[in-house]
Every structure is written in C-alpha cells, then in structure tokens.
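These protein sequences, in sequence, are chains A and B.
With our numbering, letter number 121 in the first sequence gets 121, and the count goes up by one each step, no holes.
With our numbering, letter number 324 in the second sequence gets 324, and the count goes up by one each step, no holes.
Be a bit skeptical, because a hint or two may be false.
Only pairs whose alpha carbons sit at most 27 Å apart, straight line, appear in this in silico DSS-like list of lysine-lysine [what the hints assert, rightly or not]: (1) A:K141 x B:K129; (2) B:K9 x A:K111; (3) B:K200 x A:K141; (4) A:K141 x B:K281; (5) B:K129 x A:K62; (6) B:K219 x B:K200; (7) A:K111 x B:K196; (8) B:K281 x B:K250; (9) B:K129 x A:K42; (10) B:K196 x B:K237; (11) B:K196 x B:K170; (12) B:K250 x B:K196; (13) A:K141 x B:K341; (14) A:K111 x B:K200; (15) B:K9 x A:K62; (16) B:K237 x A:K141; (17) A:K111 x B:K219; (18) B:K80 x B:K196; (19) B:K219 x B:K196; (20) A:K111 x B:K250; (21) B:K297 x B:K277; (22) A:K111 x B:K237; (23) B:K201 x A:K141; (24) B:K170 x A:K141; (25) B:K341 x B:K281; (26) A:K111 x B:K129.
Hints were generated in silico from the structure; no laboratory data involved.
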Amino acid sequence: MDRHDDFREFVRARQQALMRTAYLLVGDAHLAEDLLQNVLTKVVGHWSKLSRDGNPEAYTRKALVNEYISWRRRSSRELPSADPPEHGTSHDNATLDRIVLRQALAKLTRKQRAVIVLRFWEDLTEAQTADTLGCSIGNVKSQTHHALARLRALAPELAELRIPEVIR
Amino acid sequence: MTRLHEALKDLAEEAPPVNLADAAIAGHRRRRRTRMALTAIVTAAALVATTGGAVAIWPRDTQTATPQRADTVADLPDGKVEPISHAYQTPCRFNDKPPYTDCSLQEWRVVTRTGTTYRVPQALVANDKGQNVRLAVSRDGRMMAYYSREARAHVVRDLVTGAEVRSPVKVTEDRFEVGNQLVVSDDGRYLVFDPKVGSKKPGVLIDMRTGKSVTLPGKYEAITVKGGVVELVRYIKTDLWLMPVTGGGKPVRFDGVFINFSELAPDGRTVAASDMKDQSKPVLTLLDTKTGRILRKVTVRGLATPGGILNISVWKSPSEVMVLTLDGIYSLYAVNVNTGKARHVADYSTETVQSLAMPGTASGK
C-alpha cells in the first residue's frame, strides 16, 4: 500500500463519470482524456488535504470545468467536433438528436457550454453551478438563458428536445 | 428528465473508457521534478548573472516543439496570379500518445482554377484566443478578402491584377468570436464582417471604395453581397431580407424553419435552402423571396453519400445550384433544381482541409 492508494480508489470509482463530463465539455475523446488527466494530476497534489476535509469529487468537477475554460483558451482551437453521420447508415431520432446537439454545443462559448453541461447533464442547481464556475447565480441564469437561446437558434429542432424554459 | 438531458446522456456515452490514476500520479511526480529542476536552473542563472555573462537555459518541452513543415507549398506571389476555385484552412495536428493538439502550422491556402495551391501567410488564420478568422472568395474567384494582422483590418485582393485595398474599418483581433463570418461582393467593393453571427454584436457592411460603413442588425446573418444587394437571413423566425447596399428593403418571412440559404437565383426571386425538418435528407427547398412561399421541394439524386447537405451556395445557371456535402469528405455538386440530378464537381479531403471557403458565399457560414 502506498500513499496514493486512496487517490487511485477515488479515480477508479469516479473517472468514467468525470470523463463523460469532460467529453461533453470538449467534444473530442482525446482532448477530454487530456483535460481530465491534467486535472487529476493537479488533484493528486492536493489529495491529502482534499481527502481529509474536502469533497474530492466536487473539487475535481470544479477544477475540470475551470481548467476547460482556461485550457481551451490557452492551447486549443475550434476543433472539428461535429462528426457527420457515418456513411451508409440510417439514424434513429436519438442518434440525430445526438448529432445535432454535438454540432450545436460546438458553437457555444466555453462558459455557455459549461453551464449547459452542469445544469442539464450534472443536474446541478443554479447555486451549485454558480459555486462551480465561481460566478454569481444571476450570471448562471443569464448564461443559461443565452446558451439555450443559442441552441434554439443554431438548431431549431432542439426545441423539440423540450429544452426547459428559463426565467427571463 | 428532459430530452435535452437524455440527448446529453447519449452523447456522453460516446466517451471511451479510461484508466487515468497511474498516469495522473506519474504526471504529478514529473511536474514536481520539473519544478525542482527549474528552481535549480533559475538559482544557477541568477548566480551566473551576478558574475556577468548570464546565459538563459530553459528546459524544452518536447510536446510543444514546433514540427517542421513537411510539404513545399509556395506562398501566394505578389502581383497577378489567376482566379481561385476555393480556399481552405489546413487542420490542426492531433497526436494520440501523448495526447495534444498542435495548431501552430494551421494556415489559409488558396487553389487556383488551374490547380496550383498557394499558402496565404498574410491572412490571419486564428486570433490569440484560438478563434478561427475567415477568408472569403468572390463569386468568380477573382477577389479574395482576408484579415491582415499587420493592417489590423481586412484586405481585398484582386488576384487578376494584383491590386490590394485595405479596409478603412479597423478591427481588433479580439473581436473575432465563434461564428465570425466574412463575405466579399463579386467586384470586391463591398465586404460584410460579422464578429459573431446571430448575436447582439452587429455586423458591418464596408464600402471599400468610399470608406463608408453601415451597421447591420446583429440578428441577421449575411449570405451574399451580389448586384448591390446584401442577402441577410434571420434564422430564428427565418426571415430573409434583400437589403440594397444603400439601405432599404424589408424582410420576408418564410413559412417554416430553413437554413443553408443559397444566393439569389438568376431569376431574381428564388433561393434554395434546407428545411430543418428534412435536414438529414438530401432535399432542397426552393423559396420565393417575394411572397415567402415554398415553391417546391427537390430530392437530390446522385450524391455519392447519403449524408446531409452542408451548404448551398451559388447558381451556376438558372437551373443549377452548387451544393456542398460532408460525409467523411467534402463533396461539391451542381444540382439541377428541375430534375434533382446531382453532377459531381469535386471532392476535398478532410485530412487536408479543416474548413472550406467557397466562391460567392459567406466564409464561416
């Protein structure tokens, strides 16, 4: 047993959920893995403190989102994240929803995309989202409104996804 | 649970399985060693500096080393060249092990009608925030518009005469956001720059001859500038506004939701577009810009792949409109709107092309 065993156990239990969030944020499997690995590399440095008196998962999610916002700005370009349908295949509604959603998400700002992922994938409350992003609840409301409006404008058929209305 | 949540869930399921614990621990150890080495180097450099003749020595990160350019594409020469068939942005490089993305060699290139490819190093390909910056091509391929970092403005170049005109409207690089677009008119006189389509941030119509500029409503997106008319579309309600460059005109509303608008057909009133309801099918919808009515729907036949239509652009004749598809590769077709028959024109590999700028249509559309 070494001093990183607790960390390993945490990663084994939560890495797939965190990877899904990372994938929704960046839209590319390799970049998502790179992003998550960067974050976990930082988390392991603070592990003794986090495991003692913190909430490692919430901290990691927060670090992941904030690393995404700054990391993409620093080192990445708009990436071809919208794969077209595969050749010769037909698609059911769920597949088409996924394709359209991926294309639309790629056109949101980083913060808008993060808000969509946190509110509608992680099911965080506005207060939890604000805490994760380090901004006000009002800012979360505003970002959510703009993100949903942008999704509707980019892909009107997403309206059929029963996107929740937000308070204006 | 909303369908949005379900769609996000479906998308998230695409994430591959990972096993990152040991890699993260190794990364942490490596960073700690690097920090310690850096501290030692800085200390040593400080000691050397105090005795004179300091030499800066920094560890090299092999992941960020700039790779050498493998190909030998020439720079676009000054002066007369020839009209171009299209322009394209080269892709970033993706490395699997270790995973990183290198966009340092990304650039704009143009391809002449006779097939010669040139680099366009004077055209900014992305700003410091990583947002793509557009290059637009006129309908006849003679005019090319791009953003010059040196001029801090757009430049229109006549590829036949070699003449260049700088836009009088200065644009700072930080204004380019996701969804920025650029359109150049057939004669190169007019330019439309939109920093972020569909947003509150307005676009601008620039008269390169007089230096005058007109602010365009932010909610509208320019499709073309042709014959002194700017074709503007608002997507939420799908309004189309044929606005003379001198101002005026009024929008017409279509019955339905449409995207991928073509330029105005030679008959002066028809446009082709994709109906959002049929977006996954190869169907063109012909719309009347005077009445807003749907004229007819045309199922496209003869596409090599059944994927959806990526873009509809210029009319080659009163009956043929150019259609771009993306299904593994970009494919360009001339589609007969009477018969639906598609005539294959060209393919562009996605391995060498990240985004295409086709003649006569908004770059970034």
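So if I understand the rule, the pair passes when the alpha-carbon distance is 27 Å or less; does K111 of chain A with K129 of chain B pass?
Holds, at roughly 14 Å.
Given the hinted pair K219 of chain B and K200 of chain B, is their alpha-carbon gap at most 27 Å?
holds, 6 Å
Is the hinted pair K141 of chain A and K129 of chain B satisfied, with a Cα-Cα distance of at most 27 Å?
holds, 25 Å
Pair hint K281 of chain B and K250 of chain B, alpha-carbon separation not exceeding 27 Å
violated, 31 Å
Would the hint linking K9 of chain B and K111 of chain A be met if the CA-CA limit is 27 Å?
holds, 19 Å
Run the distance test for K129 of chain B versus K62 of chain A: straight-line Cα separation, threshold 27 Å.
With Cα atoms ~22 Å apart, K129 of chain B and K62 of chain A stay inside 27 Å; holds.
For a C-alpha distance cap of 27 Å, please report whether K196 of chain B and K237 of chain B respect it.
holds, 18 Å
With the threshold set at 27 Å, check whether the alpha-carbon distance from K129 of chain B to K42 of chain A stays at or below it.
Since the Cα atoms of K129 of chain B and K42 of chain A sit roughly 24 Å apart, the hinted pair holds (cutoff 27 Å).
For K201 of chain B and K141 of chain A, compute the direct alpha-carbon distance and say whether it is at most 27 Å.
Given pair K201 of chain B, K141 of chain A holds - Cα atoms ~20 Å apart, limit 27 Å.
Is the Cα-Cα distance between K111 of chain A and K250 of chain B 27 Å or less?
At roughly 35 Å apart (the allowed maximum being 27 Å), K250 of chain B and K111 of chain A break the hint.
Holds or violated: K170 of chain B to K141 of chain A, with C-alpha atoms at most 27 Å apart
violated, 34 Å
Under the criterion that the straight-line Cα-Cα distance not exceed 27 Å, is the pair K141 of chain A, K341 of chain B satisfied?
violated, 49 Å
Checked against the numbered hints listed earlier, the structure breaks hints 4, 8, 13, 18, 20 and 24; every other hint is satisfied.
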